[in-house]
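There are 2 protein chains.
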Amino acid sequence: MAPAALEAQSQQKEETVAHNSVLSSSSVNDTTHRSKVSVIGSGNWGSVASKLIASNTFRLNSFHDEVRMWVYEETLQSGEKLTDAINRTNENVKYLPGIKLGNNVVADPDLENTVRDANMLVFVTPHQFMEGICKRLVGKIRADAEAISLVKGMEVKMEGPCMISSLISQILGISCSVLMGANIANEIAVEKFSEATVGYRQNRDVAERWVQLFYTPYFIVTAVQDVEGVELCGTLKNVVALAAGFVDGLEMGNNTKAAIMRLGLREMKAFSKLLFPSVKDSTFFESCGVADLITTCLGGRNRKVAEAYAKNGGRRSFDELEAEMLQGQKLQGVSTAREVYEVLSHRGWLELFPLFATVHEISSGLLPPSAIVEYSEKQVRSF
Amino acid sequence: MAPAALEAQSQQKEETVAHNSVLSSSSVNDTTHRSKVSVIGSGNWGSVASKLIASNTFRLNSFHDEVRMWVYEETLQSGEKLTDAINRTNENVKYLPGIKLGNNVVADPDLENTVRDANMLVFVTPHQFMEGICKRLVGKIRADAEAISLVKGMEVKMEGPCMISSLISQILGISCSVLMGANIANEIAVEKFSEATVGYRQNRDVAERWVQLFYTPYFIVTAVQDVEGVELCGTLKNVVALAAGFVDGLEMGNNTKAAIMRLGLREMKAFSKLLFPSVKDSTFFESCGVADLITTCLGGRNRKVAEAYAKNGGRRSFDELEAEMLQGQKLQGVSTAREVYEVLSHRGWLELFPLFATVHEISSGLLPPSAIVEYSEKQVRSF
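Chains C and H are the protein sequences, given in the same order.
For the first sequence, counting from 1, position 37 maps to 37 in full-length UniProt numbering; every step adds exactly one.
For the second sequence, counting from 1, position 343 maps to 343 in full-length UniProt numbering; every step adds exactly one.
So that you can see chain C by itself, here it is in the shape it has in the complex:
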């Protein structure tokens, strides 16, 4: 869309937020005070997040319309650059084909250029790339920037686990919230009803801006003051999804699957609270907790590949099945299970978390998939 057309439409922006009672309504006509949003990442979920955000920045006066989205440049089979294809068609033709992102989304292959003018940075890349990206951004972002992480996973260091929100805060020296929830990207892309949870550290006003940026009538966002709880839910649920997939592959039925999911939720809660005593029980009742666990264990890719792994009796590796089944998408559960196992080993907690431990032992080939239920007596004794 041409700048003039954008400007004309901005005149019609809503001045209040219809569906979000937590926000004070304020008319922001001075464009210099409008928030400017950049999205770092453009995979399946990054593209859907950009679409959600762009619908709100376009509608609301408190944001600049344009959403700049960093794209790790690729050359498509046609010879066209991915960024050029996105900007020409307004679709991420590779990772979210068929969905218009909004004309105010601009794909940019230059990481530094993407973030230069932004005071709201949305991180949504595979977690293994986050440390490198943050290091490249040191000294390149605005002094008043705030971040939110949609990234699932953690970095395990010698001194212990480091959450992605902490990594961002430590390397860039800015505050970082998180957004997690029952959010299978393709369903949100077609605007089916769902919910999400923003976890924030201290500043309620910052949390409300993030809620405002993501909230739509079909995407209900709630904020809770518990960054670590929300982030660990989003991370650990992928380990439980592997367990649920094993149960599916072994055709053990719904009672068993529900029992394994419940035991998994219990270990998620216990693990999170051992690592961060500030984590709240109530967070596990939010969308990031029980709902994300349910949707991931019903339909997610970790569950799907784990089911195939169990059906094959563990004879085909996760790497092989992932390459065959996921068209280039990466499975986070297997690496998270390994990272969790490292934390458990290092701290002497293996016996306290038999489900988490067993999932890693199965996915790494040490135990057969049927071990997922055989550990149950250990489980009962340990709590």
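Keep in mind that a hint or two might mislead.
Claimed, not checked - Here are the computed distance ranges between Cβ atoms for each label pair: (1) Ser345(H) <-> Asp281(C): 27 to 37 Å; (2) Lys100(H) <-> Arg338(C): 43 to 53 Å; (3) Gly348(C) <-> Gly313(H): 52 to 62 Å; (4) Lys100(H) <-> Cys162(C): 31 to 41 Å; (5) Asp205(C) <-> Glu131(H): 54 to 64 Å; (6) Leu366(C) <-> Ser345(H): 29 to 39 Å; (7) Phe129(C) <-> Gly313(H): 22 to 32 Å; (8) Asp117(C) <-> Arg316(H): 50 to 60 Å; (9) Ser317(C) <-> Asp117(H): 52 to 62 Å; (10) Phe129(C) <-> Glu320(H): 27 to 37 Å.
If you are wondering where the hints come from, they were derived from the structure by calculation, not from laboratory data.
Remember, it's a predicted structure, so these values are computed and weren't measured experimentally.
From the three backbone atoms N, C-alpha and C, an ideal C-beta is built for every residue, glycine too.
Could you slot chain H onto chain C? The hints should help.
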């Protein structure tokens, strides 16, 4: 099995409980002090419960072997009485065909005779029959009897809702615990791994006897001191299962289903705590809470019929679909939704519980199935 054979095997009973650390091990060789168990009810779940119980009374010294099971007498198509068929084949040929109940289960068509010698009464009938059954038992039970209810549902009286455990206690003047959980009966019948929760009022020793009676390596039972919380979980989850079924019938996807299940869990918790302030949040993390909700929303009959109802756009009634799809089993969700609606209306709480209210309005034909998601904005405003 002949009495002599039973006696011989009793000599070999285990003197301690291998899998249940909460129990003190005591040798009870004096048969006069052994607990005697009767099961009132013999449907699908009642038959499975009798099988679980009979395996333990047979194995453990603290119980009489025989489990007497009251059967509402029917004449089978063959002309044989149902009780005769059960006692001849050791199977409930009508409600749980193909599963041996254990030779120490005795089907009895005489209600008073079933309970006469028992000090542990297990109630497991459709909830609408409970009041009549209890009234027939007044003065017919042992003075030292204890009860446990596996019945889902509640009676709505002018003065408010009455839980089944309270009904039993009030009419019979005995204490009553409850057992609820992620327990689709046919899966437990074939000994697939699952869990359940005993809710007890005050006496931990009583709770431990109930745990001992039901616990097997594939059926893990945990006790919590929260009768009302556990019982309301088992009752209210059927209302949420109808909502989940509507979402399935409308093909809205897993995010939406997970969101509706989470919102349902939230209303279950809020409703229970408004009715009984003693209800604990932690109960909803037990098998009776989140796990039962999951299994019921994945595979239960309320979900299944609600899915068909939504697929038909509400044009075929629940009564009609129930008769066609359930072979004589009864759907509890629809009547529970109506009863909950009556409580909400009577107390002025309808606006606080938009999901519960909407489920009843859909199942009674006042709203179309698609209303299940359209209420979402009300939901966000009300909490």
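Of the numbered hints stated previously, which ones are contradicted by the structure, given in increasing order?
Of the numbered hints given earlier, those the structure breaks are 4, 6, 7, 10, listed in rising order.
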